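Protein chains: 2
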Amino acid sequence: MLKVPDHQVAGHRGDGGKLGPLVDDSGRFYKPLQSDHRGDTELAFYESFYSNTEIPGHIRKFFPAFHGTKTIEASDGSGPQPHLVLEDLVAGRTNPSVMDIKTGSRTWYPEASEEYIQKCLEKDRNSTSVSLGFRISGLRVYQNSEAGFWQPEKKVVYSFNADGVRSALRKFVSSNLSLGPNVDPDGLYASKVYCHRGGILAQLLQLKEWFEVQTNYHFYSCSLIILYDRESALDGRAHPKVKLVDFAHVMDGHGVIDHNFLGGLCSVIKFIRDIVDEDNECAKCEVNLGLKENGFYKSSTEPELDHEAC
Amino acid sequence: MLKVPDHQVAGHRGDGGKLGPLVDDSGRFYKPLQSDHRGDTELAFYESFYSNTEIPGHIRKFFPAFHGTKTIEASDGSGPQPHLVLEDLVAGRTNPSVMDIKTGSRTWYPEASEEYIQKCLEKDRNSTSVSLGFRISGLRVYQNSEAGFWQPEKKVVYSFNADGVRSALRKFVSSNLSLGPNVDPDGLYASKVYCHRGGILAQLLQLKEWFEVQTNYHFYSCSLIILYDRESALDGRAHPKVKLVDFAHVMDGHGVIDHNFLGGLCSVIKFIRDIVDEDNECAKCEVNLGLKENGFYKSSTEPELDHEAC
Numbered sequence: 001m002l003k004v005p006d007h008q009v010a011g012h013r014g015d016g017g018k019l020g021p022l023v024d025d026s027g028r029f030y031k032p033l034q035s036d037h038r039g040d041t042e043l044a045f046y047e048s049f050y051s052n053t054e055i056p057g058h059i060r061k062f063f064p065a066f067h068g069t070k071t072i073e074a075s076d077g078s079g080p081q082p083h084l085v086l087e088d089l090v091a092g093r094t095n096p097s098v099m100d101i102k103t104g105s106r107t108w109y110p111e112a113s114e115e116y117i118q119k120c121l122e123k124d125r126n127s128t129s130v131s132l133g134f135r136i137s138g139l140r141v142y143q144n145s146e147a148g149f150w151q152p153e154k155k156v157v158y159s160f161n162a163d164g165v166r167s168a169l170r171k172f173v174s175s176n177l178s179l180g181p182n183v184d185p186d187g188l189y190a191s192k193v194y195c196h197r198g199g200i201l202a203q204l205l206q207l208k209e210w211f212e213v214q215t216n217y218h219f220y221s222c223s224l225i226i227l228y229d230r231e232s233a234l235d236g237r238a239h240p241k242v243k244l245v246d247f248a249h250v251m252d253g254h255g256v257i258d259h260n261f262l263g264g265l266c267s268v269i270k271f272i273r274d275i276v277d278e279d280n281e282c283a284k285c286e287v288n289l290g291l292k293e294n295g296f297y298k299s300s301t302e303p304e305l306d307h308e309a310c
Numbered sequence: 001m002l003k004v005p006d007h008q009v010a011g012h013r014g015d016g017g018k019l020g021p022l023v024d025d026s027g028r029f030y031k032p033l034q035s036d037h038r039g040d041t042e043l044a045f046y047e048s049f050y051s052n053t054e055i056p057g058h059i060r061k062f063f064p065a066f067h068g069t070k071t072i073e074a075s076d077g078s079g080p081q082p083h084l085v086l087e088d089l090v091a092g093r094t095n096p097s098v099m100d101i102k103t104g105s106r107t108w109y110p111e112a113s114e115e116y117i118q119k120c121l122e123k124d125r126n127s128t129s130v131s132l133g134f135r136i137s138g139l140r141v142y143q144n145s146e147a148g149f150w151q152p153e154k155k156v157v158y159s160f161n162a163d164g165v166r167s168a169l170r171k172f173v174s175s176n177l178s179l180g181p182n183v184d185p186d187g188l189y190a191s192k193v194y195c196h197r198g199g200i201l202a203q204l205l206q207l208k209e210w211f212e213v214q215t216n217y218h219f220y221s222c223s224l225i226i227l228y229d230r231e232s233a234l235d236g237r238a239h240p241k242v243k244l245v246d247f248a249h250v251m252d253g254h255g256v257i258d259h260n261f262l263g264g265l266c267s268v269i270k271f272i273r274d275i276v277d278e279d280n281e282c283a284k285c286e287v288n289l290g291l292k293e294n295g296f297y298k299s300s301t302e303p304e305l306d307h308e309a310c
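Protein sequence lines, in the order shown, are assigned to chains A and B. For what it's worth, UniProt numbering labels the leading residue of the first sequence as 1, then goes sequentially. For what it's worth, UniProt numbering labels the leading residue of the second sequence as 1, then goes sequentially.
Since the hints were made in silico from the structure, they are not lab data. Quick caveat: nothing in here was measured; it's all calculated off a predicted structure. Do not take every clue at face value.
Note that identical chains are pooled: a pair holds if it fits in a single copy or bridges any two copies.
[As the list claims (entries may be wrong)] Derived DSS-like pairs (lysine-lysine); straight-line CA-CA distance at most 30 angstroms:
id	residue 1	residue 2
1	Lys154	Lys208
2	Lys243	Lys208
3	Lys208	Lys123
4	Lys123	Lys284
5	Lys284	Lys119
6	Lys123	Lys70
Just chain A, with the same shape it has in the complex (with noise of 0.2 angstroms):
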């Protein structure tokens, strides 16, 4: 009944004897809880944040469901471990496209060891967090039935650079690159992913107006997934979703806002929004006319200032 996940395109896998994740065919993902101060945190920031009632409504969907823990038979043949028992953020889905975005430009906290300090900031300097306040930790695009998916290997993913990351971006929302590489991904499915009226861009912006104000959690190595189905995308249900996964690494953040993270997120926000502008069928798009006028593009009009007293 359990089994290895198929669409996982990020961290530890559970396949070849190793220690990893597991599903149940009734949407449940279970997490081996880290041994280390990784599981602690992690188990106490879901049980902190599905107990704090601060956390709008709209903002929790952006969370896994958590169910607590449960001892099961780990993937590793280690015996009874302890797991974390979590939503499957592809149950349901035949075949979804999935990216892993490990978003902020900074993945170590002040008060972590010098050693962990020193090795993240070498990661972040040798990948894209750095430059970008992101980087792309694995991706995974449906093509067809004959071609199955586009996952380039890790070490690939790993030494994107901006236009590696740019050209990701577009891929993940292009029906054409079984064609090869040298065939400009159409990017056929933009409007309906990343533009469309409950798509990956309005999920976003919705992240982040709660990143500009929630001072309760400051997120250090976590990462947004961004998944769609790519079969129904054409019809107009391809149920683009952003959700927030990985928080061993979670801090209190002391009453103060997660500029870091949020920093970030407001890249990738700029990133998605560059191949939306440029993209005919979002053109026409009431809801990128919509964001246009309603906070995105409000900086090249004159606003209204009135410097008299109040």
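Based on the hints, put chain B in the right spot on chain A.
For chain B alone, kept in the frame of chain A given last:
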């Protein structure tokens, strides 16, 4: 005719025979052009910025006016030296209160030398830059003709933690600092300076909107200056102003937003917002109410997300 400026709160000062900026009585500020790449970078930035037709007019107002370069007698007596000719931000103000906020959690840029990066990183970690996304570099708060200015020493300002920063931002708009450290700062000018119709908060939010889309410049080690006139604050003419200064480390954005500066700017906004939210006068202010309805607290209300196709 040229003299050392009275109201400088951070940076190199030109008194005591040292090289520093000078001002004249026509509202111009003469900044010595640093002879290394910093001088070249700052001059190149001003020339690029003021010839860039994409910069909206209301954004240019956040930058000092630029009048080219001029060779004048340097303040350290070393003879004629090239200076940037800029706007004197406090010209015409009698006793301006001024704060210098170095914005961004990271003052180093990826292309810098290893030595420079390590030096900056240490300063960033030893100040509030890493934790808050900004650090106060200097401040000067006018009290009255008898008490003069409250201007804590550099070493005091540099040692601020989060609470010190919170306190300084409240003291910046208080009238009773001369009563000593045991008296709570009264925040008397908060409504006139911070949440006023053309006030600091509204200006910072304008600047933020631009930073969400601009990809031309990355502003490393750059300062937000906030200033106002205390003496006339109570009759509603505090003339609060936000300006950006110090562009010796501005880099080409290469099509990516300045997520580092933007994150820090959002953090500054939240700190000021917290002061405004606790203030009785601000609570009555229509601007504050408008900000709550129009973006800043939108995340606490259920947004209109529609999962139908567009």
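So, against the hints stated earlier in the document, which numbers end up violated here?
Numbers 4, 5 and 6, in rising order.
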